[in-house]
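Visitor: Please put together the full structure from these sequences, using the hints given.
Here is how the chains run, residue by residue.
4 protein chains.
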Amino acid sequence: MSDDDTLRRAVLRANLDTVRHGLVVSTFGNASGIDRATGRILIKPSGVPYDQLTADAMVACDIQGRVLDNRLRPSSDLATHAVLYRAFPGIGAVIHTHSTFATIMAQARRPIPCLGTTHADYFYGTIPVTRDLTPEEIAQDYVLMTGEVIAETFAGIDPLTIPAVLVAGHGPFVWGRTPDEAVHNALILEEVARMSWHCMALSSEPKPISQELLDRHYLRKHGADATYGQAGA
Amino acid sequence: MSDDDTLRRAVLRANLDTVRHGLVVSTFGNASGIDRATGRILIKPSGVPYDQLTADAMVACDIQGRVLDNRLRPSSDLATHAVLYRAFPGIGAVIHTHSTFATIMAQARRPIPCLGTTHADYFYGTIPVTRDLTPEEIAQDYVLMTGEVIAETFAGIDPLTIPAVLVAGHGPFVWGRTPDEAVHNALILEEVARMSWHCMALSSEPKPISQELLDRHYLRKHGADATYGQAGA
Amino acid sequence: MSDDDTLRRAVLRANLDTVRHGLVVSTFGNASGIDRATGRILIKPSGVPYDQLTADAMVACDIQGRVLDNRLRPSSDLATHAVLYRAFPGIGAVIHTHSTFATIMAQARRPIPCLGTTHADYFYGTIPVTRDLTPEEIAQDYVLMTGEVIAETFAGIDPLTIPAVLVAGHGPFVWGRTPDEAVHNALILEEVARMSWHCMALSSEPKPISQELLDRHYLRKHGADATYGQAGA
Amino acid sequence: MSDDDTLRRAVLRANLDTVRHGLVVSTFGNASGIDRATGRILIKPSGVPYDQLTADAMVACDIQGRVLDNRLRPSSDLATHAVLYRAFPGIGAVIHTHSTFATIMAQARRPIPCLGTTHADYFYGTIPVTRDLTPEEIAQDYVLMTGEVIAETFAGIDPLTIPAVLVAGHGPFVWGRTPDEAVHNALILEEVARMSWHCMALSSEPKPISQELLDRHYLRKHGADATYGQAGA
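Residue numbers (full-length UniProt numbering), protein chains in the order written: chain Y, 1 to 233; chain V, 1 to 233; chain X, 1 to 233; chain H, 1 to 233.
Hints are computed from structural coordinates only; laboratory data are not their basis. Only a predicted model underlies this, so the values are computations on that prediction, with no experimental measurement involved. By construction, the Cβ of each residue, glycine as well, lies at the ideal position given by its N, Cα and C atoms. Don't take every hint at face value.
Across the chosen pairs, the derived CB separations fall in these ranges [stated by the list, open to error]: (1) V:Lys221 with H:Thr54: 45 to 55 Å; (2) H:Lys207 with V:Thr6: 38 to 48 Å; (3) X:Ala37 with V:Thr178: 34 to 44 Å; (4) V:Ala55 with Y:Gly47: 22 to 32 Å; (5) V:Pro89 with H:Lys207: 53 to 63 Å; (6) X:Pro89 with V:Glu136: 32 to 42 Å; (7) Y:Gly47 with V:Arg66: 33 to 43 Å; (8) V:Thr54 with Y:Thr161: 24 to 34 Å.
Guide: Structural data, given as structure tokens:
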């Protein structure tokens with residue numbers, strides 16, 4: 001199987017898995033992946049019912065967000081994905097969902113602090129909310145500016161250590177090294193958002209865990225000294 | 001297949017889909033459709049178990065809410081549907097559900113502000129709550145007056161731009177150009193109501209998105225400049 | 001089939017339906033029915049896994065709560081059921097569940113006001129919470145006194161118009177003319193409790209619907225002038 | 001079947017049941033059991049997908065937490081389990097889950113008071129939250145110290161009467177005499193946590209049930225005078 005076929009299948013699977021995990025309402029969601037060797041992005045086509053998606057239907061684009069084939073229109077969020085691939089060279093996949101609690105936190109403009117070890121296992125600190133786009137940014141090139149405001153939010157943050165953002169008044173974008181990892185991050189984000197919402201409803205400023213506990217958990221699963229899982233696995 | 005048969009099937013499907021999507025408890029719900037060419041309404045019969053509904057069981061009525069055949073009684077909410085068809089000439093289908101969060105907002109008499117782009121993709125602004133019916137209106141002709149108070153609530157609003165209402169102390173009525181579209185709107189309404197409730201529980205007056213963002217999203221999916229979906233689809 | 005067999009099957013079905021509808025956690029729940037002609041109660045045996053329940057396993061008792069056969073122990077809540085059959089002559093079935101929101105309201109000692117028409121279709125006013133049992137009542141005959149405090153709570157109320165109660169710090173008891181009706185009431189109670197909790201979380205004293213609207217809905221489904229459902233059905 | 005095989009199967013079943021009951025997100029969870037005759041612990045291997053787990057894959061360790069075979073790495077939480085087996089001689093199984101509401105309460109550092117009889121049937125009083133670990137404890141031997149802080153929390157409490165704890169900022173550990181009992185306790189803990197959260201959201205200091213009612217329920221199911229279930233069962 002060619003690299004392109006492998007990535008097509010991974011991107012298809014990511015799109016279907018977001019539905020299977022209940023992270024998407026209706027057709028509100030899209031996943032893409034990039035082949036860093038060639039710079040080709042593959043992304044879900046726009047408005048096609050999930051039960052009719054095939055690997056072959058994924059739309060090929062370049063990293064500037066220009067469509068490379070003309071069979072189907074790409075997701076209307078393509079320009080956001082393309083900005084993220086340009087701004088975050090370490091990522092290999094991007095997913096946009098409307099999962100319930102992550103979207104609630106995005107609508108409420110509440111960053112998700114690290115309240116527990118579930119969060120610390122995947123996100124190395126607070127998951128941020130973008131600022132609102134200005135009327136000019138919305139008028140000018142809304143989808144592209146959505147990507148730019150995400151990149152702006154991550155100034156000084158390694159996006160692979162906090163692989164998600166809440167776009168104010170909109171919903172989450174999540175990424176990872178591969179489409180499978182991005183789906184997994186989207187699933188954990190939703191659970192972390194759900195727990196965070198419930199903690200905030202009991203106490204408006206819940207207490208984050210200590211930096212030491214965050215370090216202990218995050219570094220157990222990431223980096224050179226990881227001790228989790230089977231050796232070599 | 002005749003137009004009547006096509007509409008019968010679409011109305012049956014809408015009734016079954018509201019159950020399948022969990023928008024209805026027990027038999028609390030009803031969907032109807034209208035053939036604008038003939039003015040015939042087809043509506044769910046009253047109190048028939050969902051697993052025994054057939055296309056043929058849908059009850060035919062005229063736009064004044066008079067039953068045109070005598071086999072089964074129509075839904076007890078028929079008069080409300082008929083008012084909506086008379087007041088809103090652009091709509092082709094009406095659904096009444098008791099979906100959990102939309103009903104909660106109707107009971108709490110809280111209009112649903114546009115807090116995010118999920119809402120903006122489908123509803124062009126706040127989803128309103130009707131005023132309470134007066135004791136006289138309840139005594140006089142309750143079901144008809146429920147329709148009248150909805151029509152009153154939409155004075156000056158194009159009902160196709162905000163295809164749902166919360167009837168105070170009761171629950172949602174939703175509409176669309178077709179039965180399938182009305183079901184889809186009912187499903188989105190429930191998700192939007194769920195997210196809105198959760199935002200209000202964190203902050204009693206959550207901040208709506210800007211008019212510019214509302215315009216950008218609503219107009220992306222509706223009207224002449226829509227850019228979403230496949231060309232010609 | 002004898003009357004006893006018919007009732008055995010109905011009581012079995014009620015026990016299984018409470019599980020199927022998610023109203024019971026583990027084996028926390030029990031349903032019974034009574035044959036008013038003979039005064040025989042049939043009730044779920046104690047602690048038998050639901051997937052091993054048969055109609056034949058239902059335990060026969062008299063209305064004083066004395067077991068009439070010795071094969072299996074009756075539900076440990078038998079004495080509560082028996083008090084209700086003696087105190088409320090119009091009822092034919094009793095169900096005890098631990099459904100989530102009804103139990104939450106019982107734990108929070110919050111009566112469920114009539115906030116909407118879903119409630120009004122089934123319960124003619126506020127669903128009450130019992131007072132706490134005294135230490136003496138708990139020591140003396142706890143299960144029987146649970147029934148007595150329910151009966152005390154309904155002094156002056158027709159139990160068929162409000163077919164449920166929340167026992168303080170414990171959970172709901174629900175009844176009806178038949179086991180099927182009692183299951184249906186338990187299902188509606190849970191939905192009504194869920195919606196009521198959510199209204200109370202937004203506003204600690206949510207506004208009930210008017211007496212006129214309560215009358216209109218309750219009397220539409222109950223009594224001589226009922227207009228809901230198919231004639232003769 | 002040898003005792004080891006029987007325990008292997010019980011531990012496998014406990015690991016799978018926590019997933020089946022929705023108590024675990026992703027691979028966040030682990031169950032173990034101990035053979036008190038030999039002091040051998042069997043525990044889930046680390047990071048193996050649940051659908052690939054077999055009885056044979058359970059890792060054997062001694063009560064000091066030393067691995068007795070080298071095929072697979074044990075759960076990274078092994079040292080916590082081993083401390084609990086040493087500190088609580090009456091327990092035969094330990095489960096760590098990330099079930100949603102128990103984890104929320106652990107993150108919010110809210111002990112779960114006995115608000116109702118569901119709680120009283122299984123937990124003889126408040127389910128405690130541990131204190132936070134100090135930076136030194138986290139740096140020194142985090143997993144072991146997690147067990148030590150649980151043991152410290154239970155000073156003066158019989159762990160079999162309150163078979164669960166919330167580790168601050170982390171999540172629940174639950175135990176029992178057998179793996180099946182521990183799973184059952186984990187399931188009840190989640191339901192009790194869910195109800196407690198909802199009571200606290202309505203009223204920040206909900207009222208516990210009386211000591212007499214707690215005694216009545218707890219002692220009905222536990223100890224020499226238990227009256228629940230079938231005789232001899």
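Visitor: Does each hint hold? Answer for all of them.
Guide: Here is how each hint holds up against the structure:
1. Distance hint check for Lys221 (chain V) and Thr54 (chain H): the Cβ-Cβ separation is about 50 Å, which falls inside the suggested range of 45 to 55 Å.
2. Between Lys207 (chain H) and Thr6 (chain V), the C-beta spacing of about 59 Å breaks the proposed range 38 to 48 Å.
3. Taken as a hint, the range 34 to 44 Å is violated for the pair Ala37 (chain X) and Thr178 (chain V), whose Cβ atoms sit roughly 54 Å apart.
4. Between Ala55 (chain V) and Gly47 (chain Y) the beta carbon distance is about 28 Å. The supplied range of 22 to 32 Å therefore holds.
5. About 56 Å separates the C-beta atoms of Pro89 (chain V) and Lys207 (chain H), a value consistent with the hinted range of 53 to 63 Å.
6. Taking the beta carbon of each, Pro89 (chain X) and Glu136 (chain V) are about 39 Å apart, inside 32 to 42 Å as hinted.
7. Evaluation of the 33 to 43 Å hint for Gly47 (chain Y) and Arg66 (chain V) yields a pass: the beta carbon distance comes to about 40 Å.
8. About 57 Å separates the C-beta atoms of Thr54 (chain V) and Thr161 (chain Y), a value inconsistent with the hinted range of 24 to 34 Å.
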